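Undergrad: Spelled out from the first residue to the last, the chains are:
2 protein chains.
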Amino acid sequence: MGLPGEFALIARHFRRLAGPAALDLKDDAAVLDPPPGRQLVLAADAMVAGVHFLAEDPPETIGRKLLRVNLSDLAAMGATPLGYLMTTALPPGTSDAWLGRFVDGLAADQAAFGLSVLGGDTVSIPGPMTLSLTILGSVAPGAALRRQGARPGDALWVSGTLGDGALGLRVLQGKLPGDAAGHLARRYRLPEPRLALGSALAGVARATMDVSDGLVQDLGHLCRAGGCGAVLKADSVPLSPAARALVEADPALLPLLLTGGDDYELLFAAPATAEAEILARAAAAGVAVTLIGGFVAGPPEVQVRGPDGAPMTLPAGGWSHF
Amino acid sequence: MGLPGEFALIARHFRRLAGPAALDLKDDAAVLDPPPGRQLVLAADAMVAGVHFLAEDPPETIGRKLLRVNLSDLAAMGATPLGYLMTTALPPGTSDAWLGRFVDGLAADQAAFGLSVLGGDTVSIPGPMTLSLTILGSVAPGAALRRQGARPGDALWVSGTLGDGALGLRVLQGKLPGDAAGHLARRYRLPEPRLALGSALAGVARATMDVSDGLVQDLGHLCRAGGCGAVLKADSVPLSPAARALVEADPALLPLLLTGGDDYELLFAAPATAEAEILARAAAAGVAVTLIGGFVAGPPEVQVRGPDGAPMTLPAGGWSHF
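Heads up: the sequence lines are chains A and B, in that order.
Residue numbers for the first sequence follow full-length UniProt numbering, so the first one is 1 and each next one is one higher.
Residue numbers for the second sequence follow full-length UniProt numbering, so the first one is 1 and each next one is one higher.
Hints are supplied without guarantee of correctness; some may be wrong.
[As the list claims (entries may be wrong)] A partial selection of chain B residues facing chain A, derived with a Cβ cut-off under 7 Å:
(1) A44
(2) T87
(3) V237
(4) L239
[To be verified] These stretches of chain A come out as covered by chain B in the derived footprint (C-beta under 8 Å, 3 or more residues):
(5) 28-36
(6) 50-64
(7) 165-172
FYI, nobody ran anything at the bench for these hints, they're computed from the structure.
Note that the structure is a prediction, hence the values are computed from the model and not measured.
C-beta: ideal position from N, C-alpha, C; glycine also.
Between the sequences and the hints, there should be enough to build the whole structure, so can you do that?
TA: Structure follows, in structure tokens:
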């Protein structure tokens, strides 16, 4: 009796991603020894073709983006990756060649980030390709970074550069100049989860999250969780040279950088006195961090100040599906 | 600043499913203390409207089916449920009322099976509703039931009754007589994960899996994993009164019962000498089990014998997506 199609597909493509706990993807479930003396950290994200990625994106980057978006959630908790489960709903005609490249990308990122697949499911969908990934990580007991905890007077920090992903999407859509091989498009397709920085922030950051739905909207979450307001200085927000060039050519793009989403940088609150400590830890982690504002007493609102110090009004709060 | 739509939706519907480790679904990830001295068991399954459930199914049963399908994977490993993460890709127009009933169903099953939600994601899809669930459970170290291990001479057992789900789907599709309130339709919409039986089989079953893609196809997996063949006696396969009535009226339905899928019963191998022990443990777990054949030396093939003892030829091996 030969293997039916679905199982042959798993054997041909996904088995090479399996770690020891996955039991070669031949059983009903994985069996994993949890790391002794650690807490588990768990998150899940889904991506739909045409919503979260472009159907014509290179297959190699699609699975990697999904994995990295989930790794970014682990980074925001200060956790170390353990493994993941992935379900793929594939439209008719998804080719073997496409799947091979999709899995090649995942294999590269598994090696880069030190984790492997634990299990999953592969089904057919009469609609857009839909991928879902659940990630597992671990932290020392009580060391998980949380969104709650920002206090008035705390400094507001962000890692890396903002807005590249939002601009990169528009480059790929032909709405902005640039090409698919450039920095901005790459940042849209392959976000950089800040795992080393997340681990380094334990004990010094008071509140942390990753920026996925736009800086201003996500800062609102830190405000609500902390029960305080925040002031964001727009001209302090770190931009890549490619983003800066576009904004200098068209200053009307600035709001997009602050609200556009797809950044996957860490946004965090820390005592104002911890500036030197933060800079030293970030340097040791190999990630630039920038002071972009601070938390203030008052209602959980975000005040954005323009280059002249006056309040800026932004057209939209951030990305929402509904 | 008000909550954007996606977060309001999570607050309004999904938060009531959250257990303590879920941090009220307000953080980037859940933080879970793994049960001390246990191994983790992990599985994931996806369901697509029109493929795995009917878009017109009652919202209460759709989430419960997804949860139960995953719980069935835990049962097949002899594991105890811990929690789950769920991603929902919702088409435009999914109403608040629909979501309320969907979550009502999940809440009922969380109480029935003793677990709660750890996290997830809610996104929009320009296509059919697509749901993905990752389940976590635990087992005593080394006690997980595996698919490998069946040996020639072992008895072949199955729990409950077979074919109800496949017949129930056809009742709901109007292809067979019956109604949506009947036993068969209910078995299609709400499979019964055999968790108590799975736990009870540790130490006596040599190989175990759950029947999800059809009895004959899934028995083939046990054969390949064990490196032996199997003989299945078609007239020993346990049928519910409703299924038996349909097959007596139309004997041509028998192959469907053996290959149709959606059973979620446990299929297992055990030493022939363990018959009394198996029956006692199953009785204590409150589940009927039936001896339906045995394993034989030879290639990993399934021989189905009809009521006259002669080989039966079946039209299809089971359900595959590809």
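Undergrad: For the segment 28-36 of chain A, do three or more residues have a beta carbon lying closer than 8 Å to a beta carbon of chain B?
TA: holds (count 7)
Undergrad: For the hint on B:L239, just tell me whether its beta-carbon gets within less than 7 Å of chain A.
TA: violated (24 Å)
Undergrad: With a cut-off of 7 Å, does the beta carbon of B:T87 approach a beta carbon of chain A closely enough for the hint to hold?
TA: Holds - the Cβ of B:T87 comes within 7 Å of chain A, reaching about 4 Å at its closest.
Undergrad: Tell me if the interface restraint on B:A44 is satisfied: Cβ within less than 7 Å of some Cβ in chain A.
TA: Because about 4 Å separates B:A44 from the closest Cβ in chain A, which is inside the 7 Å limit, the hint holds.
Undergrad: Holds or violated: the hint that B:V237 contacts chain A, with Cβ atoms closer than 7 Å.
TA: With a closest approach of 18 Å, the B:V237 hint is violated.
Undergrad: Please check whether the segment 50-64 of chain A has three or more residues whose CB lies within less than 8 Å of a CB on chain B.
TA: Satisfied; 3 residues make the cut.
Undergrad: Can the segment 165-172 of chain A be counted as covered by chain B under the rule of three residues or more with Cβ-Cβ separation shorter than 8 Å?
TA: It is violated: at least three residues are needed, and the segment 165-172 of chain A offers just 0 whose Cβ sits closer than 8 Å to chain B.
Violated hints, listed in ascending order, are 3, 4, 7; each of the other numbered hints is respected by the structure.
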